[in-house]
Amino acid sequence: MTIATARTGNGLFYALLGTSTVLLLATIHVVFLRAPIEAQMGIVQKIFYFHVPSAYAMYIGATACFIGSVGYLLKPSDRWDAFARAGAELAIVMGLIVLVTGPLWAAKAWGYYWTWDPRLTTALLSWLIYVAYQVLRAFSGDGAGERKFAAALGILGAANLPIIHYSVQKWGGQHPTVVTGKGGGLQHPDMKLAFALAMTAFTVFAITLLYALVRLELTRSRLVRAEEDAIDLGLDDRTEA
Amino acid sequence: MHASMIQPTAADDRATEFKAVDGTGEQFDGYTLMVEAYAAIWLIMLVWLALIWRKQQHLAARVDGLEGAIARAERNITAKSKKAAVPEETTA
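Sequence order for the protein chains is A and B. Under the working numbering, the first residue of the first sequence is numbered 1, with each subsequent residue one higher. Under the working numbering, the first residue of the second sequence is numbered 1, with each subsequent residue one higher.
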């Protein structure tokens, strides 16, 4: 990587970070100070403004993992692998937010934290696939075979995404359908504004995180290559013993 | 007044029977749940930040190891070239 490329990358990262910060602050302002309290559920409905965008950010991570995995299987390279790995990590963190905030909302709306509803079950399954992906990458080494196996898992994880999305429409269940077109939607302009802002903020934030993670993974890959070269050249005497 | 005519008070009820409320949703306070949800989001983000920091530190340690190996190799090369230069000087 040249110095000019690195500087452009840094500029892009700070631009994304700044935009995410402004958007997230605006979202918090509108969610808590402008959007009205929902008539039936009360204040707990405000979880919605972060729960749904987190799920969307999880989809972004999962899609990145899918693209990276397909790219790696077609043309193996550190870049595709880093993209897939970063996507999986983003999907895990955003998925965890979804799986923690969802039950807290459900406790008030349904009276219990968890039920084996189609959407909840498929979302949990998808999250577990990405956890399996990361566990595989962490403990199975970094060879081409392990990378290919992980790429297959990344594709499998993405296959579950449409099932999560359409599970509510196909199999019913208790999960709300406010933003799927089947429900009545958000009934107040400030609710719509809060939701639109939250979705935009989480999209930019997810892209920022993805970018940072890809760069971290690429640095790690470059280091692995440098270590291998050092050993081949007999520079690294730590392996001699 | 006959004992059977005395109406039982709420305190008596609590002592003698347990009644379920209709529906269970209201047992959770919405405000508390919302605060817990936002606290969880921040907690997850902070733990993730700590993990990324640990990952970066691990990379930094490996870079240190690699730099150390390069420095040792450089010292070895310098020492070998000095050794090789000494006989040439003596013969000259």
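It cannot be assumed that every hint is accurate.
Dumping the calculated DMTMM-like pairs for lysine to aspartate or glutamate here, alpha-carbon to alpha-carbon at most 25 Å [unchecked claim]:
| # | chain 1 | residue 1 | chain 2 | residue 2 |
| --- | --- | --- | --- | --- |
| 1 | B | LYS55 | A | ASP78 |
| 2 | B | LYS55 | B | GLU74 |
| 3 | A | LYS148 | A | ASP229 |
| 4 | B | LYS80 | A | ASP142 |
| 5 | A | LYS75 | A | ASP142 |
| 6 | B | LYS80 | A | GLU227 |
| 7 | A | LYS75 | A | GLU228 |
| 8 | B | LYS80 | A | ASP78 |
| 9 | B | LYS55 | A | GLU228 |
| 10 | A | LYS192 | A | ASP78 |
| 11 | A | LYS148 | A | GLU38 |
| 12 | B | LYS55 | A | ASP142 |
Simulated from the structure, these hints should not be mistaken for lab results.
We went through each hint and held it up to the structure:
A threshold of 25 Å between alpha carbons decides the hint, and for B/LYS55 with A/ASP78 the separation of about 18 Å falls inside it, so the pair holds. Distance check on the hinted pair: B/LYS55 and B/GLU74 sit about 29 Å apart at the alpha-carbon level, beyond 25 Å; violated. Using a Cα cut-off of 25 Å, the hinted pair A/LYS148 and A/ASP229 holds, with the two alpha carbons roughly 22 Å apart. As the CA atoms of B/LYS80 and A/ASP142 are separated by approximately 36 Å, the hinted pair breaks the 25 Å bound.
A C-alpha spacing of about 17 Å is found between A/LYS75 and A/ASP142, which places the hinted pair at or below 25 Å, so the restraint holds. With a CA separation close to 23 Å, the supplied pair B/LYS80 and A/GLU227 stays within the 25 Å bound. A hinted pair counts as satisfied when its Cα atoms are at most 25 Å apart, and A/LYS75 with A/GLU228 qualifies at roughly 21 Å. Taking the CA atoms of B/LYS80 and A/ASP78, the gap is about 37 Å. The hint is violated against a cut of 25 Å.
A distance of roughly 20 Å separates the Cα atoms of B/LYS55 and A/GLU228; the hinted pair therefore holds under the 25 Å criterion. Note on A/LYS192 and A/ASP78: the hinted pairing is violated, with a Cα-Cα distance of about 41 Å set against a maximum of 25 Å. Between A/LYS148 and A/GLU38, the direct Cα distance comes to roughly 48 Å. Violation of the 25 Å bound is thereby established for this hinted pair. Under the criterion of a C-alpha separation no larger than 25 Å, the hint pairing B/LYS55 with A/ASP142 is consistent with the structure, at around 16 Å.
When the structure is compared with the earlier hints, violations turn up for hints 2, 4, 8, 10, 11 and for no others.
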